[in-house]
Amino acid sequence: MIAQKNQPPHRAQQFLRWFCDPELLPEIEGDLHESYLEWIGEEGIKKANLRYWMNVLTFFRPYFIAKRQFSQPANSSAMFKNYFKVAYRNLIKQKLYSLINISGLMVSFTFCILIWLYVQDELSFDRSYTHADRIYRAWVLEDYGPDEVFFNTHTPMPLGPALDSNFSEVKASVRVGNFSSLVQKGGDTQSEKVFYADPQFFQLFNNEVLSGEVSLSKLQDLVLTKSYAVKYFGNVDPIGKTLSIKLGNQFQAFNVSGVVADLPSNVSLQYNMLIPYDNNKAFTGERGRASWYNVSVETYALLDEQTHAMTLEGKLDAMVKQVLGENYKPGEYKVGLQPLTDIRLNTEFPEGGVAVSDWKYVYILSAVALLILVVACINFVTLAVGRSLSRAKEVGVRKVVGAVRRQLMSQFWSEAFLITFISILLGILLVIVLLPYFNQLAGKELSFLISLQNILFLLGLVWVVGFLAGVYPALILSGFSPLMILRGSMNMGYSRETLRKGMVAFQFVLAAILIIGTLVMKQQMTYLQNKNLGFDKEQIVVIPQNMQNRMSGSTMEQFMEENFGRKQLIQNALGRLPEVKEVTTSFFTFGQSGWIEVGFTTEEGTYREFNMNAVDQDFVKTYGLEMLQGRDFDEESGADARSGVLINETFARAFNLKEAVGSTLPPPFQEYQVVGVLSDFHYQSLHAAIEPALLVMNPYGIFKGSENVMFEDNSTPKISVKVQSENLAQTVDKLKEVWKEVAPDQQFEFSFVDEKLDAQYRAEERLSTILSITTALGIFISCLGLFGLVTLSMSKKTKEIGIRKVLGASVWQVMALSYKEFMLLIGIAFLVAVPVSYLMMKRWLADFAYQIDLGAPVFLLAGGIIVVIASLSIVYQSMKAATSNPVDSLRSE
Amino acid sequence: MKGTNLGELQELVMLAVGVLYDDAYGVSIKDEIEKQTGRSMTLSTVHAALNRLEDKGFLISRMGGATEERGGRPKRLFRVTAYGKRALEESRMMRNRMWESIPRIAWDNI
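These protein sequence lines are chains P and Z, in that order.
Following the numbering used here, the residues of the first sequence are numbered contiguously, the last one being 893.
Following the numbering used here, the residues of the second sequence are numbered contiguously, the last one being 110.
Calculated from the structure, these hints are not laboratory results.
What you are looking at is a predicted structure, and each value in this text was computed from that prediction instead of being measured.
Accuracy of the hints is not assured; some may be wrong.
Coverage of chain Z stretches by chain P, computed from C-beta distances (three or more under 8 Å per stretch; other residues unrestricted) [as the list claims (entries may be wrong)]:
(1) 22-28
(2) 31-44
(3) 66-80
Think of the CB as a built atom: it goes at the ideal place given N, C-alpha and C, for glycine as much as any other residue.
Here chain P stands alone, though its shape is the one from the complex (with noise of 0.2 Å):
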């Protein structure tokens, strides 16, 4: 008793006895049991255990080692290629269920390493510079109570010295603004966006130099990125060349001083042609360069590397007060930082000078892949359940045979990677294949690189698919009694058939999700598509007006006046053609990010804002303005061109004018009268809200009141023009003509509005697009498995089917019973995904300031479409066994 009680560890001797030498072994085994009796005498039974396994590990080398299990490996890499062999024939016999298994995981490896690209290049954004970790952009926040709480990530010009001079934590700063603008070179005039740093940027930004040098250091330094250097140079080497750029009013004269390479896609700041900082002197008046109150750059800020950015913030508030002095209230004002790389998949951020692109949309996809690689996993693993039956035999046999359960686990667990492997390669290739579509799809340019970080992806897939998709049979099957089996007393157990059915549910629940989810988007983007915006938007061709240095040291009255003069010049020329129905010009039309934006402070002393367009007398006819209350410009009048505007509904709501039509606009805008109010249009995407804006024919005085002017998009004068013509395409050739005419130094380029209206909503186009795809592969691979389900379960039931058919059963009810069995389970499925879904629903469309309500219908033709697509697998399945010969499966009993 005794010494059955101190016996030494287990596993230890497990271990000794697994490698040690069988000559060996029982002197071993002897001598070690002797000496544990000894230790645990001297030292107690954990000592004594511990003192055991040492010992036993100190056994572990050469001469100790059995030679015959490693002397032999022949045999088990024999094994190894039986199981694959076997694993093979399994594949060729079982065609149909190989077929389902491979194409339905095959589909959603595919969607998956496509997702894991669109993801690793969204988490990549900005990680490429050297210093990512440690650079921030900096916030700023005004907050005069509800409703007039400003947060921008464009700041303040000041700010940035300022940083560099009160903190040493700071070690470098930089303000990035850009300006759309003409670009000259030569005869040839182009608008370009350019962006203009202090020189500091390169430190922060280290981009690839590929000639010359990027310092930014003269005020005539020009950095272009490859491209555009071939762009403008071609192959000739393009440093110390010059380009014009327009600045305020006149072209000045840049040198190349520096070409950089091409900047990866997912990196935030964009830039083609960047220019010195000051050179913004020329647009920007020395009020807007100081003050704390006009954001118009980005700024960025290099830290130490000791400093923490939180450290960094506390200490900002002390700043604010200091150059604000007595102007504010504590908490009105504030300014923070912004992590770089967080920059990018940020929404709670207002959008600055940089794409923001929706965590919201990586999250998404990467839940989608992941459901439809778990339900083709649950495919496997229900088709695996379902043949259990006709695999046990083969275990019975094999076990009889004198197979041990470790073989049978290695034998399912190969069939698996097998199908997994197969599936992968096939799904790689058609990744290869996919990839460009999926790139425009997505607006990204990703490419399938063999890099570590793949390659780990790719093998961890397969692992863990394989590894899911086997344990059941691996698991389960392999531990069936070979002598129930074969004295076929198997039977299916209840517990089996609920977990299949359960998991057919489960797939039916992700699909029925899925569905819901495409036709709510697909909703929403119609309802957006289709809602009366309050102005025409079809048959309208917009023509920018790239108006060239004529008017070279004007004022921007002056310009506006010649801009307008040969307006009419162009208006005369465009309105003789028959197709031309109304001309107007105007700085923004619709489908852009929106109008120009004014602050100003009231007499009450607190700041609002309004948006506004600065139009011609004919913008209203033109877009089809809807006139609430009095009239629309007129053309005779001087007064409506001086100092008339139009109001919407917004504003007159928002600033309290009860009778509006010749009222002024509230000081310091008293100057200008209300000539008509007009019916609320939306003038900015559907994602935003309406808000007061006002249409003006001459814009002067409203800048000079105002103390803040922002606008995102291209101001330059606009040319709309309303056609009325079934042959779009030759219409536009007929303007290009008489433009030629009339503009014949300048480069004809045109867009419709209505298609610009559709760029607004693009991501979530392009989000609905990739999950109308993905909800068809969802369909296709629930499907797949109902389909072999059903097939599995009629060969069961053929015999039972035989015999209700023998007692005078119908095609009919026969099919009905089964029928019944599945919808049921399709009907609980729906159950679960209908409030599911709709929450998810719910929370998609609050981004919108405009959407569907979301009701019945849509979860009743959600639910409608899953029915009939099992319906027509369910039915085709039964159909066969239904109208089979009863003889031919009861023959065989």
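Based on the hints, put chain Z in the right spot on chain P.
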């Protein structure tokens, strides 16, 4: 000479086998060496040495009885062979010869 060369550990093990006459097996040999030299060693070292010495023909072994305290496993009992004895003697003689050839003066200044 070369063939009968013994390492120090091997010599110790053989001597212990001799000392323990008829009761020389793994644990007892280990204990004996520890008792006589104060050196502790692991069982695996002893076993490895024993096996090697047997391969060389210096030791011979037979299976002894199994006892309860060994968990029912038999002992392997070792004895020194004539060949082994000669190897030990040679080793001892070589040492003696060398001792004797050390000139007295070598010890004087220590």
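Count the residues of the region 31-44 of chain Z whose Cβ falls closer than 8 Å to any Cβ of chain P, and tell me whether that reaches three. Since 3 is at least three, the answer is holds.
Verify this for me: three or more residues of the region 22-28 of chain Z with a beta carbon less than 8 Å from a beta carbon of chain P. holds (count 3)
If you count the residues of the region 66-80 of chain Z with a beta-carbon closer than 8 Å to a beta-carbon of chain P, do you get 3 or more? n = 9 at 8 Å, threshold three: holds.
This entry satisfies every hint, going by the numbered hints stated previously.
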